[in-house]
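Chemist: Everything in the sequence shown is counted per UniProt numbering, starting at 1 for the first residue and increasing by one.
One thing to keep in mind: the hints can contain errors.
[Said to hold, decoys possible] What follows is a set of in silico ranges between Cβ atoms, one per label pair, in the way DEER data are often shown:
| id | residue 1 | residue 2 | range |
| --- | --- | --- | --- |
| 1 | A88 | N113 | 33 to 43 Å |
| 2 | D18 | A88 | 33 to 43 Å |
| 3 | Y66 | A88 | 29 to 39 Å |
No lab work stands behind these hints, which were simulated from the structure alone.
Backbone N, C-alpha and C fix where the C-beta goes; we use that ideal spot for every residue, glycine too.
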Amino acid sequence: SYSQLILYPWGYTDQPTDEDLLLEQIAVDMSELIQAVNGNVYEYGQAGELLYVTNGDTTDWTFGIYGIPSYTIELPPDYELHGGFFNAEKDIQSIFNENLPAMLYLIDWSIQNSTSRQDTFRRIKQRPKERLKVKNKIRFKQDSLGGQGAQDRQYKKIKAQNLKPKTEVRSTSGVKSKRKNASKNPYYRGTKKKK
1 SYSQLILYPW GYTDQPTDED LLLEQIAVDM SELIQAVNGN VYEYGQAGEL LYVTNGDTTD
61 WTFGIYGIPS YTIELPPDYE LHGGFFNAEK DIQSIFNENL PAMLYLIDWS IQNSTSRQDT
121 FRRIKQRPKE RLKVKNKIRF KQDSLGGQGA QDRQYKKIKA QNLKPKTEVR STSGVKSKRK
181 NASKNPYYRG TKKKK
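With the hints as constraints, model all of the structure from the sequences given.
Modeler: Okay, structure coming up:
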């Protein structure tokens, strides 16, 4: 809790995954199942775009390494004045009840679309191996397809960006969200997808 959201990878960036349509469709289905219980609407979208950018997220890891569609469910309320991170004890059962059909759907979807352990390892093995390289205290991902040239291009691009004058001042004042009561949730960045 809190925000009443269904979030999927990526969380570390606001750029979509190659499987964005699949991740979104599963989230749409889960949102509709939750709403059917008692009318509560859970918005859905890519975590890094809908809520905020984060790192070290388990959903990014399970999706990035194993290709497993992974989700974070932000429970009610949708803003702090309705309890924030601490739900009232009397609300716990209803929150459980509204989320149960979506969780059972996700379990069923996972069973129907699972692969054997051997297939999973074969799929992972076919992906380019990545490792981090450090050059002038900047970390770079280098894969077997990019080689040293890709690393050098990435380094030059970052170096050029760092040399640009930093005169831009970002302000969130005056920014309006389409989401009801969004201004009351300090963590909410806005909405892209809404059912």
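Chemist: Taking the hints in turn, state whether each one holds.
Modeler: Here is how each hint holds up against the structure:
no., hint, in the structure
1, A88 / N113: 33 to 43 Å, "holds, 37 Å"
2, D18 / A88: 33 to 43 Å, "holds, 41 Å"
3, Y66 / A88: 29 to 39 Å, "holds, 37 Å"
When the structure is compared with the earlier hints, no violation turns up for any of them.
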